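Put together the whole structure using the sequences plus the hints.
2 protein chains.
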Amino acid sequence: MKIYRINMATLTVGAEEVPAEWQGLGGRALSSAIVAKEVEPLCHPLGPNNKLVLAPGLLSATTSANSGRLSVGAKSPLTGGIKESNAGGSAAQKLTRLGIKAVIIEGKPQGDAFYSIHIDSQGVTIAEEKDLLGKGNYEVIRSVSEKYGDKVGVLSIGQAGEYRMMAANISVKDPDGNIRSAGRGGMGAVMGSKRVKYISIDDSNTSGPEIADPEKFRAAAKAFAKALTEHPVTGQGLPQYGTDVLINILNEAGGLPTQNFRRGNFFGADKISGETMYDTIVARKGKPTHNCHAGCVIRCSQVYNDKDGNYITSGFEYETIWGFGAGCLIDDLDVIAQADRICDDIGLDSIEAAVTVGVAMEGGVLPFGDGQGMLNLLAEVKKGSYLGRILGNGAAFTGKALGVTRVPVVKGQGIPAYDPRVVKGQGLTYATSPMGADHTAGYAVTANILKVGGYVDPHGKQGQAELSRNLQIATAAVDSTGLCLFVAFAVLDIPAAFDAIVDMINAHYGLSLTGDDVSELGKAVLRTERAFNQAAGFTNKDDRLPEFFKEECPPHNTTWDFTDEEIDEVYNF
Amino acid sequence: MKIYRINMATLTVGAEEVPAEWQGLGGRALSSAIVAKEVEPLCHPLGPNNKLVLAPGLLSATTSANSGRLSVGAKSPLTGGIKESNAGGSAAQKLTRLGIKAVIIEGKPQGDAFYSIHIDSQGVTIAEEKDLLGKGNYEVIRSVSEKYGDKVGVLSIGQAGEYRMMAANISVKDPDGNIRSAGRGGMGAVMGSKRVKYISIDDSNTSGPEIADPEKFRAAAKAFAKALTEHPVTGQGLPQYGTDVLINILNEAGGLPTQNFRRGNFFGADKISGETMYDTIVARKGKPTHNCHAGCVIRCSQVYNDKDGNYITSGFEYETIWGFGAGCLIDDLDVIAQADRICDDIGLDSIEAAVTVGVAMEGGVLPFGDGQGMLNLLAEVKKGSYLGRILGNGAAFTGKALGVTRVPVVKGQGIPAYDPRVVKGQGLTYATSPMGADHTAGYAVTANILKVGGYVDPHGKQGQAELSRNLQIATAAVDSTGLCLFVAFAVLDIPAAFDAIVDMINAHYGLSLTGDDVSELGKAVLRTERAFNQAAGFTNKDDRLPEFFKEECPPHNTTWDFTDEEIDEVYNF
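Chains as they are written, first to last, in my numbering: chain A, 334 to 906; chain B, 334 to 906.
These are computed hints drawn from the structure, not numbers from a lab.
Only a predicted model underlies this, so the values are computations on that prediction, with no experimental measurement involved.
Just so you know, nobody snuck in bad clues.
The list treats identical chains as interchangeable, and a pair is accepted whether it falls inside one copy or across any two copies.
Calculated lysine-lysine pairs in the DSS-like style (CA-CA distance at most 27 angstroms, straight line):
id, residue 1, residue 2
1, K883, K441
2, K370, K883
3, K856, K874
4, K441, K874
5, K874, K370
What follows is the structure, given as structure tokens:
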């Protein structure tokens, strides 16, 4: 395995051996270690001293189920802290098959030209790119696939990334040529600042990674897949309804943030629910279930068509539907699907975009509930108009531009989909994660709402700090394996699933790690990330929710009532 | 003396006795003490929990020369930290004559209405204001003066404050009905968030404050005025040429930041210099020297007319002329005067605006040197267009909107007029002041360039931390007296001037303070302010200049080369 270091100032590439300290790392553990070691914490995130890191996980390109995730790391333009943004698609598996442990993109070209980067078994080629400038991700993926063949992997930025907007994401081609996203924290802006329009990855003439103990690996992988298919969330709920199954659940729980976090239930929930989506997809001959990378057995993605049966979008997630839907008082799933498609195409984080539209509605740019107006706003982002430049920089930025005080963000990143006053464990994760408000960073919805991995009363404070802490540690470990975080549903309830992951890592690398070692890995990742953020100027004062969460949230009228000391308990490990 | 507390949520007013802990304070010491005690450091600066504080100084409305300054305090929307913004004009003297130690404006109305506040010897009246909404400060002052008479004092916001832009200032009427500004840090946005369009102050039927020892006061005031008129800076340079006398001096020193801080000298310096301005004013029958408040003997202001002899602006300062001039490569003093007038009228900090235009030029919104384009940008701010909302929020915000990395700010506030690589003591003040990049917070140009109060080599590091520290302490004390900071030129060179200030305070209040007590007051102010900022999440990581200052600054090719430890020495007291 090697590390490719691509210097965009000199347009040169070096292949490096993996230093000993990084050999046992992958995914988020590796991307965060590289950023922490090599990026000056006070550098400008869009300047020459930031670095963009791509890191497949420890189990990438193996036969393990759900092992296709890629970690993308950098100093975030959105939060000002360290960022790992995690995506499916085919890139991680292809990079690993090419023997690549990580790609580090550093420096910045002097001029205005953009470039493409092609990686294959011969090495890395940088070329000036002109034709695809100003184009959306769908066209980039189509064009690059025409050039290199349908199987080529693609990482690309849309217009938002070219504009270096703080909510710009990096799109990752999935096996069907559709789009997955390393969504949060502006990784697309960092890629745009390096002036890289796309990275194509051709893994022809490669084989999978060498496995130290293939038989042991096979047995563990089988046990792992079995657990995933047996658990009701990963075996039934997610495959049938996708993540949007959560609309009815959160609405019922009164924790579905509605009208820019004014209340926790939405009159139009049923019209945007996973159940409604399922029926709509089936009626329109879309795909209700679909995988974002080879080897996924959960298949929570889907293909959503319009009334005429034409493709609109895929990977149509609960958080996106929540945000453009309940958050903005829009109950038309077709309009929300169009918004999701536009976000994918222009390369804009759909969660940040949805929170931003809610703030723009709060600021009077358009009324709540105006679906066509929402689509028009996204068109402004695509154009790069001044309004678009405001919106494309996210919710915190838009709030400042409009003088709005009700702005749901932590560390500058928009709060997603679960009201912190109602799902309080989730609120602690939003407050304390080094990533900013990130629902995946420690998904306490499990024990608070889904009764997976035990039960902690969502309205109470008791047990929430421990819950968020343990989930953040476990998540940091899972994000380092290259496994999809959704495996956690099975892992939290089925001990054999966790054992299987440890066994797979041991069989892969000829190690004899224990469960405790994996937990220690998670802690080490979080410590590295927190240390970077502290060096960038963060303190526990950044681990706080906006003051408006002291207001009651109907219908349960709970408030955000943790003391500072209680919040700070989360990182007491 | 009393404190008026005006609650804009309930539209009620209370008169309170001055608590013992605040009785010996005035100006900045008082405004910062009130903000530190009463404002939650993590509140939203434009939300109901911020407070706007008006505080005349310890010597306000006495016969002391140059004692007309007002301190305006709040949590700053621009920096996120505590702010004291200091202005001339007649408000401070009138408030003191009305027996008012401070005005605290708190809360926030529910609806969209704006209000006016009238203060006179009968008390405080709040009324809804409709007619003047959307109007500029010149019209507000004219209209309010028509209503209450020419002598009425006025504090007002223009369109920028109504829009709650982070660079919005508060305008203070001067004795001629023209405009002085509490410029920096977005105090106008805070006033706008309280929905106060203007405050009128009528001090009819009042007398000056009671003086404990009138004879001693008279003698000290005389000695003080004598020192001011004898010192070459306050007695000759500033009265004749205004602060713009510094253009040629800084250009000569290579420290006049040119083209968004690319170099330290400007080809067009002569055309925008104080000497040129003087000749122009005289030729056009303006006023080359003019006072911003009653009792000023320095008279550094002026009235600048157009070619036809019509008034354009007054209080036309070096930093404004530098910013719109050298900073933007514009060498037309008439265009710069128009820009200054627009800023005064719409209530926009002219320093922040100038730095912002430089960043917009960097970002390709318009070319460097485009004077008419610059005036057009300011017109966008007045309109509140989306471009205007970007620009009106300042340089850091504009840099983010445009993806620009060369953004000269500290703590979010634009760096003024003196290149920190060339005038290094000034750089330390920019880096470490709790106010953000504020040239007045510790004006090391004195010893670095003007050889006032000794000499410290501007390019060297030796002695700069001590210089900046001592000046910041002295400034915090001067800002608490209500004296104009320019008295410091005399104070630094003439010991009798400093003694006279201490004598005046003692004679006024029947105290027996020493010089050390005054220094301790300055230290206490800075400690209070730093503590607030720390509670708001600031660390020493916020005491750093942007990374591009590591580049050389022609023509001297010096760099910003202080280590973190050396910077942190400034606040070692």
